[in-house]
Amino acid sequence: MSHSTEAGAVTHPALQTPYRDLDQQRETATLGMFVFLLTELMMFGGLFCCYLVYRTLYFPSFLEGSRHMDLTIGAVNTAVLICSSLTMALGVKAAQKGRSKSIVPFMVITLLFGCTFLALKGVEYYQHWRLHEVPGFNFRFVSSVPGVDPDRVQLFFVLYFIMTGLHALHMLIGAGLVSWVAIAAHRGRYTAAYHNPVENVGLYWHFVDIVWIYLFPLLYLISRTHT
Amino acid sequence: MAEHIVPNKTYLAVWATLLAMTLITTLVGFVDLGRFNTVVALAIATFKASLVVLFFMGAKYTPRLMRVVIISGIFWLAILLAFSMADYLTRWWPA
Amino acid sequence: MSAAPSVAVEPREHYLNVNYGIRSWLLTTDHKRIGLLYLISITVMFFIGGLFATLIRLELMTPAGDLVTSDTYNKLFTMHGIVMIFFFLIPSIPAVIGNFVVPMMVGARDMAFPKINLLSWYMYVIGAVITLYSVIVGGVDTGWTFYTPFSTTYSNTYVFTAIVGILFAGFSSIFTGLNFIVTIHKLRAPGLTWRRMQLFLWSNYATAVIMILGTPVIAITLILVAVERVWHIGIFNPALGGDPVLFQHLFWFYSHPAVYIMVLPAMGVVSELVTTFSRKRVFGYEFVAAASIAIAVFGFLVWGHHMFVAGISIYSAMLFSIMSYLVAIPSAIKVFNWTATLYKGAISYRTPMLYAFGFIGLFTMGGLTGLFLAALGVDVHVTDTYFVVAHFHYIMVGGAVMGYLGAIHYWWPKMVGRMYPEGWAKLSAATIFIGFNVTFFPQFILGYLGMPRRYHAYAPEFQVLNVMSTAGASILAVGYLLPLIYLIWSLRYGEIAGPNPWGSTGLEWQTTSPPPTHNFEETPVVTEEAYAYDKHPEMEFVA
Numbered sequence: 673m674s675h676s677t678e679a680g681a682v683t684h685p686a687l688q689t690p691y692r693d694l695d696q697q698r699e700t701a702t703l704g705m706f707v708f709l710l711t712e713l714m715m716f717g718g719l720f721c722c723y724l725v726y727r728t729l730y731f732p733s734f735l736e737g738s739r740h741m742d743l744t745i746g747a748v749n750t751a752v753l754i755c756s757s758l759t760m761a762l763g764v765k766a767a768q769k770g771r772s773k774s775i776v777p778f779m780v781i782t783l784l785f786g787c788t789f790l791a792l793k794g795v796e797y798y799q800h801w802r803l804h805e806v807p808g809f810n811f812r813f814v815s816s817v818p819g820v821d822p823d824r825v826q827l828f829f830v831l832y833f834i835m836t837g838l839h840a841l842h843m844l845i846g847a848g849l850v851s852w853v854a855i856a857a858h859r860g861r862y863t864a865a866y867h868n869p870v871e872n873v874g875l876y877w878h879f880v881d882i883v884w885i886y887l888f889p890l891l892y893l894i895s896r897t898h899t
Numbered sequence: 358m359a360e361h362i363v364p365n366k367t368y369l370a371v372w373a374t375l376l377a378m379t380l381i382t383t384l385v386g387f388v389d390l391g392r393f394n395t396v397v398a399l400a401i402a403t404f405k406a407s408l409v410v411l412f413f414m415g416a417k418y419t420p421r422l423m424r425v426v427i428i429s430g431i432f433w434l435a436i437l438l439a440f441s442m443a444d445y446l447t448r449w450w451p452a
Numbered sequence: 012m013s014a015a016p017s018v019a020v021e022p023r024e025h026y027l028n029v030n031y032g033i034r035s036w037l038l039t040t041d042h043k044r045i046g047l048l049y050l051i052s053i054t055v056m057f058f059i060g061g062l063f064a065t066l067i068r069l070e071l072m073t074p075a076g077d078l079v080t081s082d083t084y085n086k087l088f089t090m091h092g093i094v095m096i097f098f099f100l101i102p103s104i105p106a107v108i109g110n111f112v113v114p115m116m117v118g119a120r121d122m123a124f125p126k127i128n129l130l131s132w133y134m135y136v137i138g139a140v141i142t143l144y145s146v147i148v149g150g151v152d153t154g155w156t157f158y159t160p161f162s163t164t165y166s167n168t169y170v171f172t173a174i175v176g177i178l179f180a181g182f183s184s185i186f187t188g189l190n191f192i193v194t195i196h197k198l199r200a201p202g203l204t205w206r207r208m209q210l211f212l213w214s215n216y217a218t219a220v221i222m223i224l225g226t227p228v229i230a231i232t233l234i235l236v237a238v239e240r241v242w243h244i245g246i247f248n249p250a251l252g253g254d255p256v257l258f259q260h261l262f263w264f265y266s267h268p269a270v271y272i273m274v275l276p277a278m279g280v281v282s283e284l285v286t287t288f289s290r291k292r293v294f295g296y297e298f299v300a301a302a303s304i305a306i307a308v309f310g311f312l313v314w315g316h317h318m319f320v321a322g323i324s325i326y327s328a329m330l331f332s333i334m335s336y337l338v339a340i341p342s343a344i345k346v347f348n349w350t351a352t353l354y355k356g357a358i359s360y361r362t363p364m365l366y367a368f369g370f371i372g373l374f375t376m377g378g379l380t381g382l383f384l385a386a387l388g389v390d391v392h393v394t395d396t397y398f399v400v401a402h403f404h405y406i407m408v409g410g411a412v413m414g415y416l417g418a419i420h421y422w423w424p425k426m427v428g429r430m431y432p433e434g435w436a437k438l439s440a441a442t443i444f445i446g447f448n449v450t451f452f453p454q455f456i457l458g459y460l461g462m463p464r465r466y467h468a469y470a471p472e473f474q475v476l477n478v479m480s481t482a483g484a485s486i487l488a489v490g491y492l493l494p495l496i497y498l499i500w501s502l503r504y505g506e507i508a509g510p511n512p513w514g515s516t517g518l519e520w521q522t523t524s525p526p527p528t529h530n531f532e533e534t535p536v537v538t539e540e541a542y543a544y545d546k547h548p549e550m551e552f553v554a
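Protein chains in written order, with this note's numbering: chain A, 673 to 899; chain B, 358 to 452; chain C, 12 to 554.
Do not rely on the hints blindly, as some may be mistaken.
As the list claims (entries may be wrong) - Pairs of lysine-lysine, DSS-like flavour, derived with a Cα cap of 30 Å:
| id | chain 1 | residue 1 | chain 2 | residue 2 |
| --- | --- | --- | --- | --- |
| 1 | A | 769 | C | 126 |
| 2 | A | 773 | B | 366 |
| 3 | C | 197 | C | 355 |
| 4 | C | 126 | C | 197 |
| 5 | B | 366 | B | 417 |
| 6 | C | 291 | C | 197 |
| 7 | A | 769 | B | 417 |
| 8 | C | 291 | C | 126 |
| 9 | A | 773 | B | 417 |
| 10 | C | 437 | C | 197 |
| 11 | A | 769 | C | 197 |
| 12 | C | 126 | A | 773 |
| 13 | B | 366 | A | 769 |
| 14 | C | 355 | C | 437 |
| 15 | C | 291 | C | 355 |
| 16 | B | 417 | C | 197 |
| 17 | C | 546 | C | 197 |
Hints listed in this document are in silico derivations from the structure and should not be mistaken for laboratory results.
Fair warning: this is a prediction, and the values are worked out from it, not measured in the lab.
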């Protein structure tokens, strides 16, 4: 659906109903993505609320659980995502400048970073499985630290898997979106006048990065000092 | 409405800062600051998130409306967290 | 703005006849067609929810639990709640009326995201089918509130399936809200500033904000329940140290604002009806607009009043109690302002106006009884009794459903180009009003006397009032069936409406009935405030 205005003037092929012009279309699409990200914030927010409540109630157990996280993978993954955000931002910039073909390598590298993140996460999950730290499947936890209750530690791991699992699902969706943008860019679909999908996929990607920026300290860094 | 194109230098500076802050927050985890470990970790995370929002997501250069959207999101999440915690933190207060 | 022609004529081509065939409807991106698709599906769900209500009221005619077993009864009130709340009340006015009217009121050719609009309808339908499937294979018995650990661990019913259905409905809601917010911000016609917008837009905007901010929280909460049922890994499981009350916090964080999703659009409808049918500007436009936003904001600060006896701290209970009193203020401001609008207006008692009057009176009663419940001491006595049931039905049925029916009647000429039969419409409005009060007023008394809710058997001394309530329900049922009949009748035999049968200043009335696919022949330019009846004495009723 494109093309017509009341005056019947020739318009940009990317202009859709019901917009007056490409500017309005772009502003609308951007606002739409920000409002959508608001819903994502509240969705993850519910999980952060659970985390906040239980960490307050069961701090020693959460502390103990956090010590069993693989800090190396966590930190490396954080760095990987930060790099992917850079390449994504550079890809969006290429789109803004109308260099459709230049978008592609940035999207591909972003995708590679994203896949690296997911691969490392998979390794991490497997490690937890081997160490009997997966609730609902084979959870077994023994601790002689005072104040630590294995049931409460299991609660920590439940939150860990659900929060990082939901995050990983969003990464997966993001990977799909980035691929789609890469393919369209390769076909020369984006110009300086019209590149809304690139910008909006970028916004989504950065948001998922921000979620991880909070997950990392909350799950991995409660405290690493030796008590 | 013209788009604001951010110079590469800015992007690279933000990227480097984010990596540096990640390193710092990881190292601070090994230092015993008691209660303040949490405060510092969240402060650093918030600083990093702000950089991503302002520069990578372009919020610094977008019209006011987007900023209202972002801030209202944070505000509403704060309501959920604060009012829930208001229950848990006061449950064991003397009646 | 011109006066209506003397003989109403239907336009040759409009959105209904521009193309035919099932594909042109199922793949439409026209917001008006999508509104009608919603109208059909929501009506179906309303009557299904009503069927559950009928069975409930039949059981409650006698004190003994003799019609159905207690397990079945649990399923009846659960499904009544789930269907009515998630599949009727929450979408009703926004998805049917809002989708139809909002783009026209802002002077646009369609919603900001027409394809997402269609997607939202498909989400709704998929959710409805899945939820109905869960009914057919055995139902759910947890109450629409899904309290843990019963819903996560001990219930033997189709909780997971029902949750999946509700999640789809939730996404439908989020997409609708997204469209409303972006459309109202970005697609307003030249000259249409925020302060010139019709109040229906303000109400739907506030509603959309609630949809966006609240629905995701219940989505994740229900996902957590579903995860616990399937994989037995649970956050609310007391055996692990989980707190069932945490579920309630997360559940009610959405479900309280959800009631404002249900009532705010109805309030927007009332603002339109009261101005059109008293030919007056609304009294205190800015206050009514600001009150809509205030309700949306304050509505998020009160959820704990559903949990006063659940074990939350007395201090947080006091906080929520105070907030609950405060949230009543903007609603009261609206009622005062509507009343002041009526004062010295040229009032006409057409059916939509009757529904508006019904709303104002019954919503006020429901709202005031909410204040009883907000008082901690009183709440301990009446919580989980029929007092609460009566309170929320006064608001949701006496308020929201009346608003919905008023909206359907008011915009019916715009939607289909025909008038409904006024005599039958007035009769059914009166039937509904009487039936409603006979059904639900006794329930205030029952609750105060101590009859608990969600019980299929009760003490014999409560029978008289229960029989009265059931009798009222049968009258109400007749009242609801009548519009179904005469509205369908009017599609063929109704009087042709013309562009503006009500002589309204609203932007949606400045185009033909039914409108063309792109709403307006030329993009309108707005030059004055809403409801400027004093500047347009030539506008008059044609109907």
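Results of checking the hints against the structure:
Simply put, residue 769/A and residue 126/C have alpha-carbon atoms about 29 Å apart, close enough for the 30 Å limit, and the pair holds. Restraint check for residue 773/A and residue 366/B: satisfied, since their Cα atoms lie roughly 22 Å apart, inside the 30 Å limit. The hinted pair formed by residue 197/C and residue 355/C fails the criterion: a straight-line CA distance of about 37 Å is larger than 30 Å. A distance of roughly 17 Å separates the Cα atoms of residue 126/C and residue 197/C; the hinted pair therefore holds under the 30 Å criterion.
Straight-line distance between C-alpha atoms of residue 366/B and residue 417/B comes to about 16 Å, which keeps the hinted pair within the 30 Å bound. Restraint check for residue 291/C and residue 197/C: the C-alpha separation of about 29 Å stays at or below 30 Å, so the hint holds. Distance hint between residue 769/A and residue 417/B is fulfilled; the C-alpha atoms sit about 19 Å from each other, no more than 30 Å. Between residue 291/C and residue 126/C the CA atoms are separated by roughly 38 Å; this puts the pair beyond 30 Å, and the hint is violated.
This hinted pair checks out: residue 773/A and residue 417/B have alpha carbons roughly 27 Å apart, not beyond 30 Å. Our distance criterion of 30 Å between C-alpha atoms is broken by residue 437/C and residue 197/C, whose separation comes to about 39 Å. For the given pair, residue 769/A sits about 25 Å from residue 197/C by alpha-carbon distance, which is consistent with the 30 Å threshold. The straight-line distance between the Cα atoms of residue 126/C and residue 773/A is roughly 28 Å, inside the 30 Å bound, and the hint therefore holds.
Between residue 366/B and residue 769/A, the direct Cα distance comes to roughly 16 Å. Compliance with the 30 Å bound is thereby established for this hinted pair. With a C-alpha separation of about 24 Å, the suggested pair residue 355/C and residue 437/C falls inside the 30 Å cut-off, and the hint holds. A C-alpha spacing of about 9 Å is found between residue 291/C and residue 355/C, which places the hinted pair at or below 30 Å, so the restraint holds. Of the pairs offered as hints, the one joining residue 417/B and residue 197/C holds, with about 20 Å between alpha carbons and a cut-off of 30 Å not exceeded.
As the CA atoms of residue 546/C and residue 197/C are separated by approximately 28 Å, the hinted pair is consistent with the 30 Å bound.
Hints 3, 8 and 10 from the list above are not met by this structure, while the remaining hints are.
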